[in-house]
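Positions in the sequence shown are counted from 1; adding 47 to them yields our numbering.
Rather than coming from a laboratory, the hints here were simulated on the basis of the structure.
Have a look at the derived ranges for each label pair, beta carbon to beta carbon: (1) P88 - K113: 32 to 38 angstroms; (2) G106 - I151: 17 to 23 angstroms; (3) E166 - K188: 35 to 41 angstroms; (4) R134 - K113: 31 to 37 angstroms; (5) P155 - A114: 27 to 33 angstroms; (6) E80 - P155: 35 to 41 angstroms; (7) Q203 - P155: 36 to 42 angstroms.
Glycine is no exception: its CB is placed at the ideal position from the N, C-alpha and C atoms.
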Amino acid sequence: MNKSEPGGAIHMQRMITAIAALALFCTTAAAEEHFGVKAYPNVKTDASTDRYCRRYVQGSENATKKAGHASIRTEAYCFRTSDDFARVAAFYRKQKGLELLGNIANTPGSKAAVFCLPEMQCAALGSGVDVTITSPWTDDKKKQNDVMITIRESRQK
Numbered sequence: 048m049n050k051s052e053p054g055g056a057i058h059m060q061r062m063i064t065a066i067a068a069l070a071l072f073c074t075t076a077a078a079e080e081h082f083g084v085k086a087y088p089n090v091k092t093d094a095s096t097d098r099y100c101r102r103y104v105q106g107s108e109n110a111t112k113k114a115g116h117a118s119i120r121t122e123a124y125c126f127r128t129s130d131d132f133a134r135v136a137a138f139y140r141k142q143k144g145l146e147l148l149g150n151i152a153n154t155p156g157s158k159a160a161v162f163c164l165p166e167m168q169c170a171a172l173g174s175g176v177d178v179t180i181t182s183p184w185t186d187d188k189k190k191q192n193d194v195m196i197t198i199r200e201s202r203q204k
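Throw the hints in and build the complete structure from the sequences for me.
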C-alpha cells in the first residue's frame with residue numbers, strides 16, 4: 048500500500064503500532080522465560096529504557112569486577128510504566144517466588160525496592176535474579192518521573 052493512497056498513512060501507522068506491540072510482548076515474555084519473573088503488565092520500552100538498561104548492566108558488571116568477581120555476567124530487561132510506584136511494588140510483593148530485600152525506600156522525591164528469588168539468590172548480592180523498581184530515574188541527565196522496572200540476572204560466566 049502506498050502512503051499517498053487514501054487511508055495508506057493510517058494503514059501504515061496501524062502496522063507500525065502492531066509491530067511495536069508484538070516487540071514489547073516478546074520482550075516481556077523473554078524476561079519471564081529467561082529469568083522466571085513476570086514483567087509488570089502495563090509497561091513499555093523505548094530508547095530511554097534501552098540506554099538506561101545498558102548503563103545499568105555496565106554498572107553492575109563494573110561493580111562486580113571491582114569487588115574481585117570478574118567472572119560474573121549480568122543480563123537485564125528494563126521497562127517503564129506510568130502506574131503508581133506502590134501499585135508496581137505490590138505486584139512484585141505478591142509474585143510467588145520473590146522476596147523483598149530489606150525495606151522499600153521511600154524518601155522525599157525518591158522511591159526504590161529490590162525483590163529477590165527465595166533464599167536471597169539475588170543479583171544485588173552477587174548471584175541470582177532480582178527485580179529493582181525505582182522512581183524517579185534518570186536517562187542521560189534527564190529526570191523521568193515514571194517507574195523504572197529492571198529484571199536482572201547475575202551469574203558465573
